[in-house]
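Participant: Each protein sequence line maps, in turn, to chains A and B. Just so we're aligned: the first sequence equals residues 1 to 330 in the UniProt record's numbering. Just so we're aligned: the second sequence equals residues 1 to 330 in the UniProt record's numbering.
Hints in this document: simulated from the structure, not taken from any laboratory. Note that the structure is predicted; figures quoted are calculated from it, not measured. Any given hint could be a false lead.
Same chains, same names: a pair is fine if it fits in one copy or spans any two.
[Said to hold, decoys possible] In silico DSS-like links for lysine-lysine, alpha-carbon gap of 30 Å or less:
id : residue 1 : residue 2
1  : K274      : K221
2  : K327      : K274
3  : K221      : K258
4  : K310      : K258
5  : K327      : K254
6  : K94       : K105
7  : K327      : K310
8  : K274      : K258
9  : K254      : K274
There are 2 protein chains.
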Amino acid sequence: MRCCHICKLPGRVMGIRVLRFSLVVILVLLLVAGALTALLPSVKEDKMLMLRREIKSQGKSTMDSFTLIMQTYNRTDLLLKLLNHYQAVPNLHKVIVVWNNIGEKAPDELWNSLGPHPIPVIFKQQTANRMRNRLQVFPELETSAVLMVDDDTLISTPDLVFAFSVWQQFPDQIVGFVPRKHVSTSSGIYSYGGFEMQAPGSGNGDQYSMVLIGASFFNSKYLEFFQRQPAAVHALIDDTQNCDDIAMNFIIAKHIGKTSGIFVKPVNMDNLEKETNSGYSGMWHRAEHALQRSYCINKLVNIYGSMPLKYSNIMISQFGFPYANYKRKI
Amino acid sequence: MRCCHICKLPGRVMGIRVLRFSLVVILVLLLVAGALTALLPSVKEDKMLMLRREIKSQGKSTMDSFTLIMQTYNRTDLLLKLLNHYQAVPNLHKVIVVWNNIGEKAPDELWNSLGPHPIPVIFKQQTANRMRNRLQVFPELETSAVLMVDDDTLISTPDLVFAFSVWQQFPDQIVGFVPRKHVSTSSGIYSYGGFEMQAPGSGNGDQYSMVLIGASFFNSKYLEFFQRQPAAVHALIDDTQNCDDIAMNFIIAKHIGKTSGIFVKPVNMDNLEKETNSGYSGMWHRAEHALQRSYCINKLVNIYGSMPLKYSNIMISQFGFPYANYKRKI
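Chain A with its partners taken away, still in its complex shape (with noise of 0.2 Å):
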């Protein structure tokens, strides 16, 4: 009879008590664990299945095909002529053209009497011909790509077909076919160029730290990191009517750390300027185009507070296309 006085519950009470309240713990931890066990990430998951499944969660973009972003200014002739070749490359999702031809109707009704076309062309009327428009997160862009091409520049299909598949394994650079560089001098005060400027550095070769956007293939996010921008970064390119791609390469380098694009090396790539019959001959023949560029530069390091570029030497070329361009040797 001595259990009485030692215990305060009857026993099996506060046994049950404890067993309960110990049962509701561990169940818990279970939980929490189960979760923990959820997070751990699956070694095989590469980057591009992951970018896939978070695409077809979003439920609007892929990886499979691209945009084309074509923005025209008084080249209707070169521009309709272009679209003739850039609507039959594959891959190609839908054409966004940007209409910078402010007070004219785009032709859209010449484009659909010529019709049918093997992918949808949207004309977009701006109210303002500004260099940066073709920067905006246009709605009807559902692609993770966007191949961006001047109105005056034509790319072969070989070419296009190559790159894309180059920027889809490295999709977080601009994948493109024209390389530039900045130069640093003792002042501190920097110059932009191409090849005909010192290669940078002490080794064999020259360098690049950009990839122009008027002729690459991008991430379409980048068109919305560009809008985020400081207003002073677009008061540069609205004042200059120049400088977004440069921009676009800031941008870019400073998010990822890295070499803002990759270099392919183009097999057939032309400038058509010379056969349009409109007169016009494009921005680039302005006197003062190139030292804007370089005060681009200078200006967007005071902006950002630092030199974001980077140089890289890389140089990518499709293997055995054109025919034989490599050699056995050994």
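Let chain A serve as the given structure and place chain B on it in line with the hints.
Facilitator: The following block gives chain B in isolation, referenced to the frame of chain A:
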């Protein structure tokens, strides 16, 4: 006094036992949860930073220099000529010569008498003349990168400097100068070959699925991987005295889930086998050599249960070297 009839054990004792047991279970679960949380990846970790930290913590190897591993048999004149060249390559940490001339003393004395030398060269006397001797985990190897070169292959310094910089950007792949591929036939039997073979796929150009290790940079950890392969793989290489490089491509492709190598187009690379006085002309002159390599592919698919090799058509060259290898188009 009712309690004594109800309780089987004194209540406090039973409660304490349940409590003690529950506490043990809870403790175990907390430890498990803690372990799982530690396994969660840090989002901003990038591959090279991770490697650097792992390496620093091991205190041994580095990404900034590489070790040349050169296996040699019956071509000491070529070996010494090549060593005179390779010993002076920038970023070279050490040379390991795998001495397959069984019974013949390695030329340590001759080498030392012609010192001083820029870097250490270790001659590793082997006990049997085996192709896979060069894939051992050499204790003298301190770098993350291996440069593996056949003892008749002369690769220029600019090519090596550039390819090493490419390897540093893709440290999980074989970065080398000799691309090869497998082709699939309707019977499911594979064949091995180079540019002369049918290009896979329906697009333009050619593809490669292997980069031969005899003129390449690769991560030294893959030597450990190789040692851990099934005995059947080692037996295959011993029987054929061939295919160690094909096996390495299988192992790496399987491990990383993408193409095993990146092809860098050599500017100045030669095979010196015609220059040897030994009269020995290398394994690839054996009548059965090419057929053996097709045989090896099919055997390896059998051993691993799948074909892990993946095609690529990316060819990398150095921007601006040789001079003006890129012409400004627009």
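Participant: Honestly, which of those hints from before does the structure not fit?
Facilitator: Violated hints: 1, 8 and 9; rest satisfied.
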